[in-house]
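Novice: Protein chains in written order, with the numbering used here: chain A, 9 to 326; chain B, -2 to 401; chain C, 68 to 363.
Keep in mind that the hints were calculated from the coordinates and are not lab data. These numbers were taken from a predicted model, which means no experiment stands behind them. Just so you know, even glycine gets a beta-carbon here, dropped at the ideal spot from N, CA and C. The reader is advised that the hints may include incorrect statements.
Said to hold, decoys possible - Only pairs whose alpha carbons sit at most 20 Å apart, straight line, appear in this in silico PhoX-like list of lysine-lysine:
#, chain 1, residue 1, chain 2, residue 2
1, B, Lys246, C, Lys213
2, B, Lys300, C, Lys186
3, B, Lys140, B, Lys389
4, C, Lys186, B, Lys295
5, B, Lys247, C, Lys213
6, B, Lys117, B, Lys389
7, C, Lys213, B, Lys215
8, B, Lys220, B, Lys162
9, B, Lys162, B, Lys389
Stated by the list, open to error - Stretches of chain B that chain C covers, calculated by requiring three or more beta carbons in the stretch to come under 8 Å of a beta carbon on chain C:
#, segment
10, 191 to 202
11, 209 to 218
12, 238 to 246
13, 262 to 271
14, 379 to 387
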Amino acid sequence: MTAPTDALSQSRAARHNRAAWLVGLGLLLLILPRLIYPVLALDVLAWGLFAVAFDLLFGFAGLLSFGHAAFWGTSAYVTGYLLGHGQSVPVAMLAGTLSAGLLAVPIAFLSVRSAGIYFSMITLAFGQMLSFLALQWTDFTGGENGLQGFARPNFMGLDFSNATVRYYFCLALFGVGFYIAYRAIRSPFGETLKAVRDNEQRAQSIGYNPNRFKFTAFVISATLAGLAGSMNVFGHGVVSLDAVNWKTSGEVVMMTLLGGTTTLFGPVVGAGIVSLLQDRVTSSNLPTGIVTGLVFVLVVLFFRRGVVGTLQHWMRRK
Amino acid sequence: MKKVNLLLATLSLSAAGLAGAQSLSLADGGVKLGVLTDMSGVYSEMAGPGSVKAAQMAADDFMKSHKEFAGKVSVVGVDHNNKADVASNKAAEMIDRQHVDVLLDIPTSSAALAASEVGKNKKIPVIVVSGGTTALTNEKCNKYTFHYAYDNYMLANGTGTTVTKKGGSSWYIIYPNYAFGQDLNRQMTAAINENGGKVVGSDATPFPNTDFSSYLLKVQAAKPKIFGTMQAGNDLVNVVKQYNEFGLKKQGIGLSTGLLGEQEISALGQDAFAGAIATVPWFWNLDARSRVWALQYKKLYGKLPTYMQAGVYSASMTYLNAVARAKSDSGEAVVKALEGYKFNDFFARNAMIRPQDHRVILDVYTVQVKPKSAAKEEQDYFQRLQTIPAAKAFTPLAESKCKM
Amino acid sequence: MTIQFLLIQVFNGLVNGAFYALLSLGLAVIFGMLRIVNFAHGALYMLGAFTAFALGQLLHLGFWPSLIIAPVIVGVVGMLIERGLLKRLYGLDASYNLLLTFGLTLLTQDLVKQVMLSKFAVSSAPYTPPDSLSGVVNLGFTMFPKYRLFVIGLALVICLITWFVIEKTRVGAIIRASTENPGVTRAFGIDVSKWVTGVFGVGVGLAGLAGVMAAPIYSVDPYMGAELIITTFAVVVIGGLGSIMGSIITGFAVGVLAAIGAALYPPIANTLVFILMAIVLLVRPSGLFGLPEGTR
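Let the hints inform the model, and build the full structure from the sequences given.
Specialist: Here's what the structure looks like:
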């Protein structure tokens, strides 16, 4: 996938630009629960990290996964299940996150050998398979009732019954997840990944095994998606089948595109916009598909840089 | 704002304390009904905007009959998209920001359970009408949650008992392989066995599913008297369509369903369902009293009400009456006023709110779908076969897993 | 397991297989010419069923005229999509087409739902087959609905005609040539872009036809194509997008295998296709009939 912009190029201006975004976005996230309902703010964090994880694969490895809900959802179920069985918050979230990474191993192994559209179809199919499993495996997932009413025991003096406390706890985790994604992209590993994305043959000819890099990127992406999924469960105290639905996979794609792929911050901005938009739409009788579908079509046709990409493009031109 | 509200609430509370139990104590000056429902998805026709309208109608009627509440009852409708996390989010937001005093309706089991959890934590009553899961009054029951209208036990038990007693001695059951279907199958089988009938075969089908031909062919070979389908919604429409297509009806194999609503019948056509037996908590032309209300609703909303929408009206009214009795809209006081309450309205007959599990028990009806030729008016779908008295219609308390 | 039981499952599977085959055939035809995967294929299948329903309601057209008119309408809608939207994305990565058609899927589904509710006051509706095809036939081992036999037969005929046109005729030669080498084809005075539009229309028309054929079996429902398209993608991955005949054979074969598997062990019914897909990916990543280089 040739991205319209590559905001992470090495120039000094780009570095300043990035620092400005980091500070701006960081400040915004710090005061977010003052601006909007804290649980909604938590949504922005969880979906934002989910979108960052997705874009690690889509933007930087050129792999469009249409089944990322599988990882988000698996982690959500594991986290919810463990909280329901008396585990502490950190243990449950860690286990959820790792389970997503573990699930990614066989799926990544089978899917990275195919490229382009094939990869998308395969991930979509695996995602769908997982959603059928979740529906049937009711002992673990609660079926269509889902899981809810599990405890979120206080941890190190933090009162998790308070939504604002939950938000700042998740903000710290978000920071960790974001940093991991950032390091992965800015490392030699990330550079190789981009080389593979732009010209697989060349990367291969200078001695890299493209599939190994794609595989690793897939597993990191899935693990981060898992962290995001466990944050979402922790935030809401609910897991349901929506967590593994194909529409969830589509939603994260939309957030990423809208915010701007390969811009690192873009997916977070996209997640914020979509979460707030959806919150508004639920107060009207407008079917969500019409709004979501229209945004999708318009962004793909006319706004492929996304919000952050477009802003960065303008700034660079000045 | 919040502080002012709190101050007002404290003031009015202390005022209430001073004046004894006589004066009305409403936090933030009024009662707000929150209808949390599916505005545009699969349940939007049976509940959705029609439920909000029903709650509004109840509020208006109540204010007319209770002068002290004039101008003080309002309704807000919010969409939960059939998603549990959205439901949980919206429930909390409605309570914290919009200051609703009760949550009503809530189709989709996972969403209803999620909202129930929020109600419990925030001490706000939650009255589930459109959600059917029996978990609400069993392992997931809590002090603030009430279950109105129907549930899965009632559906299966009513139909299984009535049909078997009327001579449907051998059954073949198919059910969708997820909690709802498994639950219905279990209840239905128990009811059939208890009444001397026999289940000669049963199959779990995938969910969702569009093609039921292989199961129907097995039914055809087994030649039971009754074919019981526990599918719901679109799956049910497809089963019944294919039941006709494969000629099972012509071979004299009767049809009984788990959850049957007005929507499925109008989707597939009355004649395709003709003869099918199901259990419902209410239907619009049940009797004169129901008709009066239903036609009034139609005049305001343009459509005849479903039993879920009628249930939302009744639940809203029951809630508001409890507020009037308690002279307070505090969750705790209203719950106390609701528990054990016995009442009768156009929807709920011989009704009682069981204090032990918060199941609202009421008379329910086993009905048979009339052929189109026997229908005398629009949506004249059901012929009543049997009234199941409230005490026998729902899970016996001895079997309830509720620990409150 | 008796032979009779097995035969019943084979016939059941062929009905499902007929729809898989028609849909994956359409996807393959489009992919062959445009190198894109049309996510909206499922929504257009639904549009075919809905159009037949709407023609019946508004113009009192029966099954037979709708069987021809509805796919044509869907085909024209497809051509408009290609001309108006997809064309703008041809220079870019094929993923953008997938994303665009994904958005169109969401949009189409909910638009049709709104129309059904506001215009016909139903959220899903039945569609009756013609009298000549209703009722059951005695196959010797079971009674089987006439209409379903018709679906199997018609799907086979349509699939074979499509295969014949593309592989054995001059028209097919032009299509194949513009696929393999658009530059040279243009040099022969052939307007490749017109052919692209036409082929897209035909591929999508096949989905519309499948939709009309499905309407009497399943109800007309705005979301009827949503899950089907994902399963069809799995079928396409199993077969590989390389060949027309491959997608036909895979479609029917997967239908039959899934029906037998589901009858033997019901819990596996929904996941069987995906398990098959995983196995094929393990053994032959480019699919049973796919060419390794055709993966990009």
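Novice: For each hint, tell me whether it holds in the structure or not.
Specialist: Verification of the hints:
1. The hinted pair formed by B/Lys246 and C/Lys213 meets the criterion: a straight-line CA distance of about 17 Å does not exceed 20 Å.
2. With a CA separation close to 14 Å, the supplied pair B/Lys300 and C/Lys186 stays within the 20 Å bound.
3. Restraint check for B/Lys140 and B/Lys389: not satisfied, since their Cα atoms lie roughly 23 Å apart, outside the 20 Å limit.
4. For a cut-off of 20 Å, the pair hint linking C/Lys186 to B/Lys295 stands: about 19 Å separates their Cα positions.
5. For the given pair, B/Lys247 sits about 16 Å from C/Lys213 by alpha-carbon distance, which is consistent with the 20 Å threshold.
6. Between the alpha carbons of B/Lys117 and B/Lys389 the distance comes to roughly 28 Å, so the proposed pair goes past 20 Å and is violated.
7. A distance of roughly 18 Å separates the Cα atoms of C/Lys213 and B/Lys215; the hinted pair therefore holds under the 20 Å criterion.
8. Only pairs whose Cα atoms come within 20 Å are accepted, and B/Lys220 paired with B/Lys162 is accepted, the gap being roughly 19 Å.
9. A C-alpha spacing of about 15 Å is found between B/Lys162 and B/Lys389, which places the hinted pair at or below 20 Å, so the restraint holds.
10. Interface restraint, the segment 191 to 202 of chain B with chain C: holds (3 residues with C-beta to C-beta distance below 8 Å; minimum three).
11. For the segment 209 to 218 of chain B, the stated coverage by chain C holds: 4 residues have a C-beta nearer than 8 Å to a C-beta of that chain, and at least 3 were required.
12. Chain C is given as covering the segment 238 to 246 of chain B, and this holds because 5 residues of the stretch bring a CB closer than 8 Å to a CB of that chain, at least three being needed.
13. Given a C-beta distance limit of less than 8 Å, the hint that chain C covers the segment 262 to 271 of chain B holds, as 5 residues qualify and 3 suffice.
14. Counting residues of the segment 379 to 387 of chain B whose CB falls under 8 Å from any CB of chain C gives 0; the rule of at least 3 is not met.
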